[in-house]
Structure formats: structure tokens, C-alpha cells
Amino acid sequence: MNVNLTRAFKHSLVACAALTAAGAWAQAGQPVKIGLLATLEGPFAAGGADGMRGAELAVKQRGGEVAGRKIEIIKASSDAKPDVAVNATRKLVEQDKVDIMVGPLSGGEGIAVKDYSKTQPQVTFINGASGAQATTLESPSPNFFRFNTEGAQWMVGLGQAALDKGYKRVMVIAEDYAFPYSQVQGFMAEYCGKGGKVPVKAWVPLGGKDYASTIARIPKDVDALLVVLGGADAVNFLTQYENAGGDKPMLGGSITVSQDVLNYRGKRRDSLVGTLSAGPVADSYDGAEWKAFVADYQKNYPVSAGGFPSPSLFAYVYYVNMKAALDGLDAVKGDLSGGQAKYREALATMTLKTPTGNVKLDGNRQAVGSTFVTEVVKDGKGELTTKVAKKVDNIDQMLGMKKEDFKMGTRDVPACP
Amino acid sequence: MNGRPAASPIPRARGAATPASANAPPVAGERASAWPTLRLRHGVVLLAALLLPFVASPFITFQVAAQSLVLGLIALSLTFLGGYGGMVSLAQMTVAGIAGYAVAVLGTSSSAAISLGWPWWVAVPFALAIAVAAAALIGWLSVRTEGIYTIMITLAIGVAFYYLVLQNYTVFNGFQGLRELRPPTVFGVNWRDPLPFYFLCLACALAGYGLVKWVVRAPFGIALQGIRDNPRRMAALGYHVVAHRVAAYALAGLLAAVGGVLMAWYNGLMTPGSVGTGWLINILVIAVLGGMRHPIGAFVGAVLFVLLQTFAIDVIDRERFNLVIGGVFLLIVLCSPDGLLGLWAWLRARLGPRRAQTSPTTRRQA
Chain A
1 MNVNLTRAFK HSLVACAALT AAGAWAQAGQ PVKIGLLATL EGPFAAGGAD GMRGAELAVK
61 QRGGEVAGRK IEIIKASSDA KPDVAVNATR KLVEQDKVDI MVGPLSGGEG IAVKDYSKTQ
121 PQVTFINGAS GAQATTLESP SPNFFRFNTE GAQWMVGLGQ AALDKGYKRV MVIAEDYAFP
181 YSQVQGFMAE YCGKGGKVPV KAWVPLGGKD YASTIARIPK DVDALLVVLG GADAVNFLTQ
241 YENAGGDKPM LGGSITVSQD VLNYRGKRRD SLVGTLSAGP VADSYDGAEW KAFVADYQKN
301 YPVSAGGFPS PSLFAYVYYV NMKAALDGLD AVKGDLSGGQ AKYREALATM TLKTPTGNVK
361 LDGNRQAVGS TFVTEVVKDG KGELTTKVAK KVDNIDQMLG MKKEDFKMGT RDVPACP
Chain B
1 MNGRPAASPI PRARGAATPA SANAPPVAGE RASAWPTLRL RHGVVLLAAL LLPFVASPFI
61 TFQVAAQSLV LGLIALSLTF LGGYGGMVSL AQMTVAGIAG YAVAVLGTSS SAAISLGWPW
121 WVAVPFALAI AVAAAALIGW LSVRTEGIYT IMITLAIGVA FYYLVLQNYT VFNGFQGLRE
181 LRPPTVFGVN WRDPLPFYFL CLACALAGYG LVKWVVRAPF GIALQGIRDN PRRMAALGYH
241 VVAHRVAAYA LAGLLAAVGG VLMAWYNGLM TPGSVGTGWL INILVIAVLG GMRHPIGAFV
301 GAVLFVLLQT FAIDVIDRER FNLVIGGVFL LIVLCSPDGL LGLWAWLRAR LGPRRAQTSP
361 TTRRQA
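Here the protein sequences line up with chains A and B, keeping their order. Going by this note's numbering, the letters in the first sequence line up with residues 1 to 417, in that order. Going by this note's numbering, the letters in the second sequence line up with residues 1 to 366, in that order.
Hints listed in this document are in silico derivations from the structure and should not be mistaken for laboratory results. These numbers come from a predicted model, not from an experiment. Each hint should be verified, as a subset may be incorrect.
[To be verified] Straight-line Cα separation of at most 20 Å, EDC-like style, residue types lysine to aspartate or glutamate; simulated pairs:
no., chain 1, residue 1, chain 2, residue 2
1, A, K97, B, D193
2, A, K209, A, D164
3, A, K201, A, D221
4, A, K360, A, E345
5, A, K390, A, D405
6, A, K360, A, D330
7, A, K118, B, D338
8, A, K333, A, E72
9, A, K118, B, D193
10, A, K165, A, D210
11, A, K60, A, E72
12, A, K97, B, D314
Next comes chain A alone, as it looks inside the complex (with noise of 0.2 Å):
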């Protein structure tokens, strides 16, 4: 039996040597290879396939090349835990040894990958759709990027809006882990700033299938809900709070009303009508670009086709992302040479033109860029989408707050009970 182990590890050896072989003929031509990670699995998994459309859609409208060089695009999946991102990445860096990695998806895989980059300074690696904030605030990576802004900007003015619509206290649902913490926090530091209170937060675990024991703890004085749950969490949220007769209105996350959730077809479809939320996409706003970016999403990816109605804050992160790793690419004219120094200069200092308006980074390579208070609305169709109601730019990670008074969002930072 064990000559079955030998004959394995034979085998192997083999597929070593062809692997090697085939890695060295691919750096010896001119192609530029970029890792995309994405959950294709898990809890994001429709999240995921539309990041990989919006990074797609990147490199298609450079038609696939950059200053000569041809763009080769390896794919990875993951399904949101940190430990599998991980593997996906070093296969992608190790294996692949790719030039430039795109990704990942969620917050705590984020983390996860900015730890690995700085085991591998020689690929430059570039933010997928993550957006926890300690990825580029705690002990930050020199060779990562992150062109969107993170959870916490995302939520910048929501505070100020639910205010303004008379909701005194509101209650946090949200899933546990870096993400959403970044998201309350966002929406927390301006709203009991201004006088609101927060008397519950519920932090309900990722990928959670029964709501039941949160729903019960909503108390009766409570204004509103502000719901930070994302892909199937959120629809099944909605479903067992409708089931239940819930009827509180709603504050969303940002990646609780994305297309994914406004897809969803519940009766409780039409109370979402009316929500507010905050992100960095709002599917009416009318700025040319904007517009021209969504036409050609949905030229690219029809609904028949799978896509959305209307490019998912995924779809449009990872856009953002990849077209900043493709920007910098044709500013140093495909020149990645000098352990791509030269390259990560230009990714440093460009100002990256994005369908929203232009992205700087701050010293820690970290986005300072706009986000969109939205209130959902139906359209003539009958498809749900969201409508503008503010723009607020130039957006830092402090949140505007001083670098010494600020704190990082966890659990209990900040509270206002």
C-alpha cells in the first residue's frame, strides 16, 4: 500500500516540474498576470460572482491590455473565512505568482490577506471589496491598497439623516465580526454625536440562519432597526422579521441594500420602501460617468445573462480596485520592474477617476473618497432601486474626528445607550 503513497508523491514530482516549467515560460512573455480573489462560496457567494463582473468589466474596457501588455486574469474563490482567503491568496502568489492581486471580499478576510502581503513584498497587492477598517489602520502593509473607502466612511451622514426623519433611538442588528463593527461605528459616531441612542446592539453570527431569539429582543421603544447584514443574512432577516409582524422601519448597511437584497422577493419587499442607508454607490445618482459605467455593466452582463439590474456595490468595488490596478499599470507604462516600486509610487500618489468622483489615497494607502445617503424607491418598472438623498465627499478614515480622539469600532465603541 505504500507503493500507492510513492507512485502519489512520483506523480507529483512530476506535476512539480511541469508546474515550474510552466511558470517560468509565463514570466519570460509579456502578459501581466492579476490574481482575482472572490467568495464565490458562503454567504457572499452572489456578492462574490458580482465582484468578479465589475473587475471583469475593468479589463474589458481596456480591452484586455494595458501600455502592450496583455492582462491574464487568474481567478480564486473563497467563501468569507479568513483562513481560506488565505490559502486562495498564496495559491494566486505561490503557485500562479502572480504580478498584482485583486481582492478579497470581506471584512475579515481583509485582515487576513494584509497579514500574508507583508510575507510577500514583491507582489503589490490591491484591496478586493473588504472593508474593515483595521486592515489599513492597524499596523498597515506597506504593499497593500485600498481604493475603496472602508465600512466606517460608507456610513458617514446616515446618522444626520436618521435624525432627521424623527428616529430617536434605534437598535443595531448587525453580524459579528470586523465589517459590520466598522459600519456601526460609522453610523454611531454621528448619530450620538448629534443626541441619538442606541439602547441594543445584537450582534448575530455570519452566515446565521435563524433570526428568531433577535427579533425577540427588539424592544417596543425603539424608532428604528439599523440593520448591518449582508447577501442571504439580510433575506433572511427580512423573511423571518415579516413572518414575525415586525414592522419597524428600517436604517440599512451598506451591503444590506445592495442589488442583491433589493432582488429579493418577499412580501416584505415593498416595506423596504423608504429605507434609508448609506455606501459608496447609489444606483440613481446622475453624475455622466456614473451613468455610463452602469450602461455599460448592463450591456456587459444582462439580467439574462445573470447580472443585475443595476451594478451591486460589489460589482462596483471590485470595479474601482481593479481599474486602479490597471490605471497604475499604464502610468508607469507596464513597467513593473525594481520589485514594482515604481509602480506602487504610482499608486500612491495618482488621483484615481472613478464613476463617483476622485479617489486619493492617505498615508496608509487607504481611499478618501464620497459616500451616498439613499433612501430605497420603485422605479417605473417595478424594480426596486435607491435614489440619492446627499453626497458627502472627501471622506477620511478618522471620520473627521481627530487622530487622537478617535477609536477604532469594536463591539462596544462606541456606545450611547
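Guided by the hints, dock chain B onto chain A, whose structure is given.
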């Protein structure tokens, strides 16, 4: 030590006490005469394992080979329990996770508020001890059950531990877990580098393999197999059935715990995802894929499992690659209930009947 070792975990269908008693004398003789019945193929496998990291890329060494050895070691604990003890426990990954979390909590991690910062030579033995104690406790709870009920109770324990680490923030740091776990730098060697880490895993895996091979021929292992085949008769002979089974859990726990510490260092982090239901089942999948008839099956299964997990996405793009993984697993289990080892035995019986007939004689001579 050939295809059918005297003390091999014979499927129960082969009957109760008769084969065991028929096989007992050669075992004793063999143990006395030549304990390390090393053969050519052992040498070849060992040589291949030693040379692999010098031929393969660091990626293959670290992510494929080292990960296979770590998972193989954890699956080996299940092979030992299931194959030789007749107890299928789904909580082996939980035991490994307890060891991994213990290293993270007692040693150093990015969460300074939680980790105690003990040096590795204190933290690791404590972690192993905690995990072995936990394994013995799990065993003590579950040995009173049989068959599917053992699976149920160990699954329940595993899921309970998953939710504990998911929702506890004071010790386990919840969903985010504990990050930046590093193997120590000893003798000037950074054990996190692919080459040293691979050899560390290889040494642990070889030690675990050797331990299992030795134990199943020692009086304890023989008694355990007797208990597997007929607990009532063994009880009548004066053996303490429960004590033997609990001891088997503890021993398997030690194997899983070593694997768990290595896994924590391999991933560099411990999160609830590492001990979730998916992984509890994956360990069973690895053990069954390889075959539970022989300890090497755990490692064969792990190699196949890791290769598929890593490279299936290259075979079929996008969302469908899990289909390939599932399809291959299904195919193997359908074709051969004994996993890859069963497939190999079947092939050998088909293609080389003469060799199979002569091999017992040569073994006696050795």
C-alpha cells in the same frame, strides 16, 4: 507491514473473534523478531518525502505537502479510533482546534489582551495536555454509546465547541479569532519558512504514524482491537472495556492535538471557521477517502483532498469547481468502500495475484 498486517483493522463483517485469535501468534512473533520490518517501499516513500521540498516549489512544499501532513495527522487520529477501536468520532477536529486555540491563548497572538504570552516550550506542552484531557473527556462521554450514536454525540460536542468559540469574546475572540500565531524561531531556524515547516510536519507525521503502528501491536492495541470485535467477550476475559476506549480517545487526542498546533501555525490564525462543521466532516472525508484499513490511508486521503481543494478551480473555472471535488469523492467511495487503499488492494489482487500469495511467506522469513 505488508498489505495485510496481522493487526490490521479487519472490517467487522469478517467475523468476531476467530480471525483475531488466528492472527495473534504471528503478531507476537513478529514484534519479538524484527520490530522495524522496514522494506524497500518504506525507504522509497521516505526518500521521496525527504527530497520533495528540494524539487518542488515552496508553494507545493508548504501549501500542498505540509498541509497534507497536518491534515493527515489529524485524520490519522480518526483512523486509529475508527479503524482499530471501532469508534467513529467526528470531534477529532475539535480536539485539534482546542490545541490550536490553547497555543494561541497561552502563547502570543495579535490580541495582546487575551494571549498570555508564555514561551512556546511552556505553551505547547500545556496546549497538548489540555487537548488530551479534552479528548479523554469527550471519549468518556461518548464511549457509552455505539455506532451512529457515537457519531451523533461527537458531532454535537464539535458543533457546541464551534458555537462556543464563535460567541465567546473574552477567551476566543469570537468570529475574528486569534491572529498572527507564529511558530517559534529555535536554533536560529524560522520554523514558519516552507522548508523547516515541512520537515517539522514530516517529523510529527512520521512520529504519529510510527506510534500508531507500534501501539496496534502492543498489548494495549491488541486488546483495543479485541474490544472492537467483541466487547462482551473482552469484558468477560477481565479487560476494562471503558478504560481501554477512553485511553484510545486520549491517545488519538494526542495525535490530533499535535496536528492542531501545526494547523494553527500553518494558518497563522485560529478562527471558528477552522473548527466548523465543514471541517469536522472533512476529516472524516479524508480518512474514508484514504481508507481506514491502514494508518497510511489518512495521509493518502489528505494528499488527494488537498490537491483537489487547491487545483480543482484550475480544472473547471468559476462557480463549478466544488462539483469536481464532490464528484471525485463520490466516485472513489462508490467504486471502493475502502477508499484509495481498497482500490489499491483490489488492483493488486486483480493484476498481481502471485505476489499477494507469496508475500506472507517472505514476511515470516523477515
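For each hint, the structure was consulted:
| no. | hint | result |
| --- | --- | --- |
| 1 | A:K97 / B:D193 | holds (18 Å) |
| 2 | A:K209 / A:D164 | violated (33 Å) |
| 3 | A:K201 / A:D221 | holds (14 Å) |
| 4 | A:K360 / A:E345 | holds (13 Å) |
| 5 | A:K390 / A:D405 | violated (26 Å) |
| 6 | A:K360 / A:D330 | holds (17 Å) |
| 7 | A:K118 / B:D338 | violated (44 Å) |
| 8 | A:K333 / A:E72 | holds (16 Å) |
| 9 | A:K118 / B:D193 | holds (14 Å) |
| 10 | A:K165 / A:D210 | violated (30 Å) |
| 11 | A:K60 / A:E72 | holds (11 Å) |
| 12 | A:K97 / B:D314 | holds (14 Å) |
In terms of the numbered hints stated before, the structure departs from hints 2, 5, 7, 10, listed from lowest to highest.
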